[in-house]
Amino acid sequence: MLRVQFRRGPPDPALPLLLPVPEGAVLPRGAAEAGFRAAPGEVFEPAAAPRRLLLGLGPAPKRLALEKAGAAAAARFAELPHVALDARGQPAEAAAWIAAGVALGAWRFDRHRTRDVPPALLRLTAFVDDPAAARAVWEVAEAGVRGCLFARDLVAEPANHLTTRSFAKRLEELAEFGIHVDVLGRKRLTRAGFGALLAVGAGSATPPRIAVLRWRGSFDAPPVAFVGKGIVFDTGGISIKPAGGMEAMRADMAGAAACAGAMLSLALRRSPAPAMAVLALAENATGAESYRPGDVLRTLSGRTVEVVDTDAEGRLVLADALHHARGWRPRGMIDLATLTGAIVTALGHCRAGLFGNDAALMSALAAAGEEVGEHLWPMPIGESHRADLHSDIADIRQCVPPARGEGGWQARFIPDACHAAAFLREFAGKHSWAHLDIAGVDTAEEAHALGPAGPTGFGVRLLDALVAARFEEPDHHAAP
Amino acid sequence: MPDIAFVKPALPRNGVLVLPMTEGDPPAGLAQEADGATGGLLVRALEAAGFKGRKGQATTLHALGDWTKVVALGLGKAAELKPEAAEAAGGSLVPAISGDREVTVAADTLDPQLAASLGFGALLRAWRFDRYRTTEKEEDKPKLERLAIANANATAAKTAFGPLRAVADGVFLTRELVSEPPNVLDPAEFAERCRGLERLGVEVEVLGPKEMKRLGFGALLGVAQGSAKEPRMVVMQWKGAPKGKKQKPLALIGKGVTFDTGGISIKPSAGMEDMKWDMAGAGAVVGAMAALAGRKAKADVVGLVGLVENMPSGTAQRPGDVVKTYSGQTVEVINTDAEGRLVLADVMWYCQERFDPRAMVDLATLTGAIIIALGNEHAGLFSNDEELAHRIIAAGVSVGEKCWRMPLGDAYDKQIKSDIADMKNVGGRPGGSITAAQFLQRFTNGKPWAHLDIAGTAWSSKDQPTVPKGATAFGVRLLDRLVAEMAEEG
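Line by line, the protein sequences are chains A and B. Take the first sequence: its letter number 454 is residue 454 in the numbering used here, and every next letter is one higher. Take the second sequence: its letter number 445 is residue 445 in the numbering used here, and every next letter is one higher.
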């Protein structure tokens, strides 16, 4: 990742320069004429050697506007190895958050290229009035960035490289940051009765895992719990997916990656909040051992589930993971999952679906999302959504089968994201719980405001901001 | 349709008796009297049958004393008894008594408003559409002719029922329009039925293809051009605001595709018969206008419906066509099955230009995507005006027509950029209902506006307490309530 330094004094004239400009500031000659308005993320490059780039910040820039400016700069100066930032005259946090944006925007995933690797932006020197103050903000900002990029790296990794085993191994490496990591293998999962997770992972040559990540924090309270769907590859199983676009299913572990990234962020910035993550890792493969549509599974909670579609596996592994997390009596449970295509039909690619049973937690999540540019939209769990999951043979069915000609025109359209949320709610019990369906936002098809095309790391900075806003003080009113 | 009558409390000697009862409370008034008349058997038999008075519970006892049938009707907890609950109870009662001619409801201890609501709920549920049944056997037909609701203040209950009756008539008009088969209800016939509102005092204008062509309704006419049936636009005005209190009207706009084959982008055949109700938005607008006029609402309201049939034919519009809307903006037609927004575009622009309304609310069975997003319990609500959106949500909750707010935004608007025209008529699968709303927003001219996507709620595959399966008339009661709250207060 980008190396960032903060120095006093005028920028080194030999370096390409980034010059942040708040909206309304006096613009250098030619900028206004070229249509530059200093809006957040807007850039203007006048002819200069070394190169110079004006970064629009918008009016009264906050974190997100600064990050967008930095990321826009990184996109423009992507192939320059070392760049200077002149943040003199700006508040200390401006330099730090612009640097964070540069780091997010400069992220690349070149591990599997063996030739013609494009040069990358590696180093940023920020020239500021008060380097110590800037560094203090940067420590917090950097934690969020590193968590986010950790998640992006995991999501980008192909499924032959990121198996359940190697994923678990990468998580175990987080121990060096003070995170306690416990990985449950097949034997322990079987003994404890993770029936849903084991069924989903049964068809694969690499066995399922539950990884429990714990961060102690600095006060004695139940943790906030993140629960992540980590399907390292999703073929759909016996209900196999169409071939076109299936390669994208390597990203079906983006929820787990985001939870892990958030844990890393909390640890790096020594968050006082006790936190944990329960990550359900499995490959949904087709094989002789695969589970089938029609199977009835006994979940960890003891409840039985009728399988209708083996491609609705995410909710099954989450059912067990949520139940496992309940053992710590968490103050709040937030699960993240690339769960349904329906959420993409509903909300497209610029908002994730937000479901839950706790209005306060949901609005805190939505606010955290706005703060970091990861937008959510509240979605309903209606009575009929739960009623639709009635099973004739088990306690609940996992989803609603598609209509076979009957039921009229409406029956062709199934609110699967709502059904999935209604299903998960059953396994959250009475705990304060929210569910983020991130299927539309985990991967960007084109370059976006905070990075290049590819994995976005959606959720990491959001969870980090949520914890900072809501979970860093012992809460005496926490629900049991 | 049964008569709903409000009568003074008196226990009938025989026949069918309905006893509405709250949860956990002993019988009072006539119910107590009935219990006494049976020597306490009523209470004991209800206990034995597991009747608790819970909301929606209806327990039938046969041959109790001299009554052929006694139905105990659960109202839920007394403290939570609101008009909605009384309506639902009235609705739940209907299946239990539809084989009886005359029924007395002992609602003597209920607040007269609640007694009226109970009657309203029963009336809404008892509606049937039998126009095309010719061979149904007598014994299979519902027999209920009169529901006599006994109340301590029967006069007040009757007064409270007056406006509800008008709303019910609006609901029935909508249900009828939505249920009518598409070979009967074409745009011209639909417009003719709108003319029926004139006897309620609504001013009705009908525009045909010539007038619309002269105006430049390129989008609406493009949709209509494949059909042998001529399109119509109907403008209905209800001028109910008191003199000296004249106001900018509220505008209600409805999509009225009397049948939607999809056109050249033809739909799959399974379930296509349901596309007769692709005019349910327009149906709701007409029903709401009837309700408002029927109860003489003290508000100025205009209702506009765009009526077309979307057919594939040699004259049909093609994917790739570019049409010029009445607003002057051009649209590239990518998918001829995204026709509703084309019809609404012209009607909305016309509406805002002619009436300068204080707010426009459009209703449309617009997208399948809204069912994938929300299911069948909520309509999708899109709005550029916070206050209007909140009022619609609140109105919906109070009448049991729930709406769920959905987002709008530039990122979605970008999805309908066209390479050849000002916009295209679809923006792809992601956020499909949102991009449809973005399209409509371009025809609001910045005026306060809300859009209800009712594709999931206009038709019900199962019975609900006050809505028999089939056409729901979703929106009529909501719009009626919205007008009451927005334009009639003070």
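Hints listed in this document are in silico derivations from the structure and should not be mistaken for laboratory results. Don't take every hint at face value.
Unchecked claim - Distance windows between CB atoms, simulated:
| hint | chain 1 | residue 1 | chain 2 | residue 2 | range |
| --- | --- | --- | --- | --- | --- |
| 1 | A | A447 | B | G201 | 39 to 49 Å |
| 2 | A | A34 | B | A394 | 45 to 55 Å |
| 3 | A | E406 | B | G201 | 19 to 29 Å |
| 4 | B | E387 | A | A387 | 30 to 40 Å |
| 5 | B | E387 | A | D475 | 49 to 59 Å |
| 6 | A | G24 | B | R429 | 33 to 43 Å |
| 7 | A | E406 | B | R133 | 46 to 56 Å |
| 8 | A | G407 | B | R133 | 35 to 45 Å |
| 9 | A | G407 | B | D410 | 31 to 41 Å |
| 10 | A | E406 | B | G244 | 56 to 66 Å |
Said to hold, decoys possible - In silico lysine to aspartate or glutamate, DMTMM-like type, Cα no more than 25 Å apart, as pairs:
| hint | chain 1 | residue 1 | chain 2 | residue 2 |
| --- | --- | --- | --- | --- |
| 11 | B | K469 | A | E406 |
| 12 | B | K243 | B | E211 |
| 13 | B | K462 | A | E406 |
| 14 | A | K187 | A | D295 |
Since the model is a prediction, treat every value here as computed from it, not as a measurement. Ideal Cβ positions, reconstructed from N, Cα and C, are used throughout, including at glycine.
Quiz item: Which numbered conditions among the earlier hints are violated in the structure presented, ordered from lowest to highest?
Solution: Checked against the structure, the hints that fail are numbers 1, 3, 5, 7, 8, 12, while the rest are satisfied.
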